[in-house]
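**Q** Below, each chain spelled out in residue letters.
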Amino acid sequence: MAGYILKRLLSAIPVLFGISVIVFVIMAMIPGDPATAILGSYATPENVEKLNRDLGLDKPMVQRYFIWLGNMVQGDFGRSFSLNRDVLDEVLDRFGATLILAGTSFVLCSILGVAAGVVSAARQYGLADKAITFAVLLGISIPSFFLGMMMILIFAVKLRWFPVSGMWPIYGARDVPALISHLTLPALALAVVATGVIARLSRSAMLEVLRQDFIRTARAKGVPERAVIWRHALRAAMVSIIPVLGVQAGFVLSGAVYIEMVFQWPGVGRMLVDAILQRDILLVQGGVVFVAACYVLFNIAVDVAQSLLDPRIKT
Amino acid sequence: MTLFKLTRRAMLAAGAATAMALSPIMATAQTPPGVLIVGQIAEPKALDPAAVTAVNDFRILMNVYDGLVRYKDGTLEVEPSLATAWEISEDGTVYTFTLREGVTFHDGSAFDAEAVKFNFDRMLDESHPYHNTGPFPLAFFFSAVESVDVIDPLTVQFTLNAPYAPFLSNLAYPTGLIVSPAAVAEHGADFGRNPSGTGPFKFAEWRSKEAVVVEKNVGYWDGDAKLDAVVFRPITDANTRTAEMLAGGIDLMVEVPPVALSEFQDDTYTVHEQAGPHVWFLILNAKEGPFADKRIRQAANYAINKSAIVNDVLEGTAAVAAGPTPPAFAWAYNETLEPYPYDPAKAKELIAEAGAEGAELTFYVTEGGSGMLDPVAMGTAIQADLEAVGFDVKIETYEWNTFLGEVNPGLEGKADMAEMAWMTNDPDTLPFLALRTEAWPDKGGFNSGYYSNPKVDELLEAARVATDQDERAALYQEMQTIVQEDAPWVFVANWKQNAVTSDRVSDFALQPSFFLLLDDVAKN
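From first to last, the protein sequence lines stand for chains X and R. Following my numbering, the numbering of the first sequence begins with 1 at its first residue and continues without gaps. Following my numbering, the numbering of the second sequence begins with 316 at its first residue and continues without gaps.
Pulled out of the complex, with its shape left as it was, chain X reads as follows (with noise of 0.2 Å):
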């Protein structure tokens, strides 16, 4: 399992390596320099010229993708010009909170999902069963954003039972209760698209298995409902929904960025967006660099809890 882990692990160096060549070159490729956004109506080429040698932007390309890198190999991202700030504190508490929002939807949208998978698996056709999709294909088909917007619009503005944006109170204290009424809302509206995904999934995943023989044996031996589908089944399904769950744990992290902006929450997401308007090239590379980092890692952790699930996968 060690050198399973290890090869994995060697294999992310390649993918990261190709990650930082494709944001680099695209940041040095796109219309406009961070001198013409700081400088905006007054961006002479005289001006333009003098701040994109302040700000190092005047060496070859080539020569600047080899210092950033070896700077970042050495833990160094560089600085960001638009927050005046170092690009890897920056990320780390953009970073934080952007775990706690998708965290947090991750394991409401995971828990929510099987739920509903399981539910609608074992009573196919029933009434649970048809609400449930019919739930959930609202759910995949609302866009997170106006659901968002809508949102805040009644539990904030209308109802004032949330907070409408942010990540803590302007005043008062920085504790769980208040981080949980301002996470409550970004966090459903995160969750809803993916819960109907791995829900959907889920019962498809669970039809398949409660067709299965040992099902069949372990009814006829009198084994309880609750527990034929709960213990056998679901455990023989999520072979199938783990990886699932992975990639809609990728969706949820992509999907931050639309509800920060609706949320102004602190995190990653909003961060790249201002970041790349602005033509901030470090934060951008460091920053996309660092979840790119994240979400590989991410992965290899999943199929790691796979092969532990499925003793078929080898290792």
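Please keep in mind that the hints were generated in silico from the structure rather than gathered at the bench. For clarity, every value in this text was computed on a predicted model and none was experimentally measured. We put the CB at the ideal spot given by N, CA and C, even for glycine. Everything hinted at is true.
Simulated DEER-style distance windows between Cβ atoms:
1) X:E46 <-> R:D818: 47 to 53 Å
2) X:P60 <-> R:S458: 27 to 33 Å
3) X:E46 <-> R:D707: 34 to 40 Å
4) X:I13 <-> R:T583: 55 to 61 Å
5) R:A553 <-> X:G56: 32 to 38 Å
6) X:I13 <-> R:A497: 46 to 52 Å
7) R:G631 <-> X:L127: 49 to 55 Å
8) X:L137 <-> R:N447: 57 to 63 Å
Could you slot chain R onto chain X? The hints should help.
**A** Same frame as chain X, but now just chain R:
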């Protein structure tokens, strides 16, 4: 049923979580008295006035720092601030300022002539020990400054390399605000996150992407602020900003989207409006193509229904522009100028006269950008108006930074017209940078449409070296008349900046400078 038991338990848990979540909200729904919460449009870049360029950042800075001079309340005319008086030499190249006595920075260090010298040397002198705390993108506002000399602790002298009339208004601009040398020495490149000035509020805390908090500077030389503290919250999404205002999460919201104004019509809110030094126009390519003919340029001015644009597209958040200078520069504005009327018949007549019926026009439109208002909708309305008088208009849309990269180097060989907007601090800036022959793009200026009129050049050069305000005013007024007649641009709109305050906020007014001044504001 076991399945239902499980869901019931889950529902109980969810209910408990919700109840827990609700308890703190009730306590925080009401923002505290004496603390003003401002909904800003973005996170500031830095709180170092020499390092920033965005109006959004200026809104905070103007409350933390003072300059040598400032704009008189409600005008764009300069009055004393940290300098109590000044003298300008006969030839207009030496400015001697007498400084206010007994002023200290928030960090306790004294404000004096050495501090003033430090500020300008830091920006302008590449060998200054703290020049590396930049970059200072707007330092060129002071590129005429040759040297800054300390005469005595309360007298400082600026020597310019040539007479430069906008110097005083540039000093009133945020780039001219005075920072504490001691704080720069202490924090170096991190000064922008640990600011210290002399203003009515002192910096307290910056929570990245959440809030910047400033507190009352007790003993402020111009009288203590009425508020105990101000919290600036960056809320980039305009809909979310509106929702926060409606939910009571913020007390003051800037840059209300036109479509959201109707939400604030009842007595709970006050909507503030103030026209500022902003002009939205179309650059016309006067070098080649149909717009090389003055009659066609005038025809475009007649053909476009500017009232419909400001009233319908912009919902009244702008006024029709008459010429190149915004009326907010009251002292330099030519009151006799009337906007080109909406007259499609006259436009057709001029087009026929010039034999340009059915001419094809390429029109650069941006998706957004500083001061650009609602550029896509405005561009579409303009396209429709021009097609109604017989042009064939092809729109090309670009993202803002890309757009600037296309337009600033000049329209030659690419386009016939382009949207543009400017916000400036002096009536000199825009025409000097965008209307002179010497400001064609290949000479490093912003005259992307290649307008050239020797008389205009002469007037602008003369106005720049005149130090008497009345003399400058007369020159600018004459320039406006000529430029309006020559029509190098289509003059479209002057933006009225807006803001909404809740009924707990009093004594708030927007400034024509577009700065946000909060020292007289109160909140109960």
